[in-house]
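Visitor: Residue strings, one per chain:
There are 2 protein chains.
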Amino acid sequence: MANRLGRQTVALEKPVYLVSHAAVGGKKEGEGPLKRYFDHLSDDDTFGQKSWEKAECQMQKLALQIALEKWGRTGQELDYLLAGDLLNQCISSSFAARESQVPFWGLYGACSTMGESIALAALLIDGGAARTAGAVTSSHFCTAERQYRNPLAYGGQRTPTAQWTATAAGCTILAQEGRGPRVTHITTGIIVDKGIKDANNMGAAMAPAAADTLAAHFRETGRDPSYYDLIATGDLGQLGREILLELTRDEGYDLTGCHNDCGLLLYDRQQQDVHCGGSGCGCAGSVLNGYLLRQMAEGTLKKILFCPTGALLSPTSTQQGESIPSIAHAVSIEV
Amino acid sequence: MANRLGRQTVALEKPVYLVSHAAVGGKKEGEGPLKRYFDHLSDDDTFGQKSWEKAECQMQKLALQIALEKWGRTGQELDYLLAGDLLNQCISSSFAARESQVPFWGLYGACSTMGESIALAALLIDGGAARTAGAVTSSHFCTAERQYRNPLAYGGQRTPTAQWTATAAGCTILAQEGRGPRVTHITTGIIVDKGIKDANNMGAAMAPAAADTLAAHFRETGRDPSYYDLIATGDLGQLGREILLELTRDEGYDLTGCHNDCGLLLYDRQQQDVHCGGSGCGCAGSVLNGYLLRQMAEGTLKKILFCPTGALLSPTSTQQGESIPSIAHAVSIEV
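Keeping their order, the protein sequence lines are chains A and B. Take 0 as the starting number for the first sequence in numbering that gives the first Met the number 0 and just add one per residue. Take 0 as the starting number for the second sequence in numbering that gives the first Met the number 0 and just add one per residue.
Just so you know, the hints here were simulated from the structure itself, not pulled from any lab data. Source: prediction; values computed, not measured. We treat Cβ as the ideally placed atom computed from N, Cα and C, and that holds for glycine. There could be a bad hint or two in this list.
[As the list claims (entries may be wrong)] To give an idea of the interface, some chain B residues facing chain A are shown, with a C-beta separation under 7 Å as derived from the structure:
# : residue
1 : A1
2 : V9
3 : I90
4 : P102
5 : F103
6 : S316
[To be verified] Which bits of chain A does chain B cover? Going by a derived footprint, with three or more residues having C-beta under 8 Å, they are:
# : stretch
7 : 105-111
8 : 126-140
9 : 317-326
[To be verified] Okay, derived cross-link-like pairs now, DMTMM-like style, lysine to aspartate or glutamate, Cα gap no bigger than 20 Å in a straight line:
#  : chain 1 : residue 1 : chain 2 : residue 2
10 : A       : K53       : B       : E321
11 : B       : K302      : B       : E333
12 : A       : K13       : B       : E12
13 : A       : K196      : B       : E98
14 : B       : K13       : A       : E12
15 : A       : K26       : A       : E144
16 : A       : K34       : A       : D44
17 : A       : K53       : A       : D43
Just need the whole structure built from these sequences, with the hints factored in.
Guide: As structure tokens, then:
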């Protein structure tokens, strides 16, 4: 039974373990600094499929399959599967889950989906509705680019504040029994919209949501940011990170020295031409399930606060002159 | 703490009450047989907004606002809000929730969303993570038509198997304390895809998912369909209902006499030119929160099994030759 600490944060009372995890990436991700932390990398971003959308779906299937293999069990041992992605009607997730035969909850949290899916999976296990659950998400540069921006062949110049959608997927398997780091607290995001309308500046749109959730987490748990070895936001990128540090400082919390962003970890910004950094559900999804959870297994990291951020816009809302509502969910994970 | 009865079904141990509910509809919904059960009907399908998408968002806001008013509390009393819709990136839900200041979980379950949101809300309350939660969804004929099919002005002829997307929204408020019918069991759907590729025949695509979830529910609870005063599927329409009755008969369950479909209840098919019936998240959402829950309050219905169905396709998946994965979640509600 979860213990409610405040408006947004609950502390789990029973152990919920991250018993397995897998990260899948494409060519560019395999050329970045986190290369060795991926479970599967493909030089071919089609992943052997006939369309980019089918490729993204295949990445989710691979992430789930590898995580199950590492766990040593099959999908039949999963009580629930929670998944979502950026594509219209979340088709990567639904089509990937089609053959899994696992009771399915479809989510939409944009790039916060890895946090949302782990959080809800942990709450369902803590609450007794499930013993095990899988959390999966993905993004693909080519599907996102043509859905949100321009046809790939158009070759438009990208703005300095733009980020690069990761071609990647991540899967976490959670269970009430087993070994691995534990989910201890969940701080659910409130939608924040500070009026940013530039769909090429997601970092600025999402930073206030991350600041809001992180401030709620510190306030409601009574923790200082320094409690954590690392506070990892999802995909704010360089500009978003700078805004986040400023906003949290105004709230009385100093993140300098304990914060990094998955969008900055995934690529080498000097070498890889990703402008402000990585983005997409698969960015935080693969950095958590590749790099961060391995660092926890190796003992390099003991306490992390994973806080992926989502920009809840669509091309239609942008065309209709709307600003960008954003959300961030924080999950505290400890060895 | 939920009690797991089988692969898909859990029984709630603590009472989770549906303490308030509201249904909002447009012009056509106000001309149908359920007219008097809506809390708010608008002759103007723009709901005073500048675009159909903003109108749909406004419907969700209204549904939440009215449900809160009927409950006699504000959004500050809601621990979580769970919402989703059919639009790309679920913008109706995110934009409607933007001002609510309630910790938010975004969902994507297509037309099964009313079931998914109530089910997850009930599980979060039963598990102790929340004391209260709101579940909201919507659809709009004009947003769905131009997103999934053709521009409205195109005026293409609709096929005989087509259904009419409801311009409607529904909101349920759940709480661990209060009065009202109770959620007793939840049967989570597994994605089912029998190869139907005709995006104008959703009933046929979704009926196997409904049959699968209902059979799991009866098998795992040991109940016969006749246990319920009404088994209400979401939006199978006339053809989908006929297929469902046949598929469940093959599994040994006779639904004749205790089944109806929200898509058949919402409109008068003889008078309203809706072809096979209603559809859209708002169809099951408004029929449950308008008609069905009022019938329960009046004592006409005592035990219902609410089982909305979702077709998890997108125009892109259809254009790429994919079939239509579908899902149905069942929620047992008793006075």
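Visitor: Decide, hint by hint, whether the structure agrees.
Guide: A quick look at each hint next to the structure:
no. : hint             : in the structure
1   : A1               : 4 Å, holds
2   : V9               : 5 Å, holds
3   : I90              : 5 Å, holds
4   : P102             : 4 Å, holds
5   : F103             : 5 Å, holds
6   : S316             : 5 Å, holds
7   : 105-111          : holds (count 5)
8   : 126-140          : holds (count 5)
9   : 317-326          : holds (count 4)
10  : A:K53 to B:E321  : 10 Å, holds
11  : B:K302 to B:E333 : 4 Å, holds
12  : A:K13 to B:E12   : 18 Å, holds
13  : A:K196 to B:E98  : 17 Å, holds
14  : B:K13 to A:E12   : 18 Å, holds
15  : A:K26 to A:E144  : 16 Å, holds
16  : A:K34 to A:D44   : 15 Å, holds
17  : A:K53 to A:D43   : 13 Å, holds
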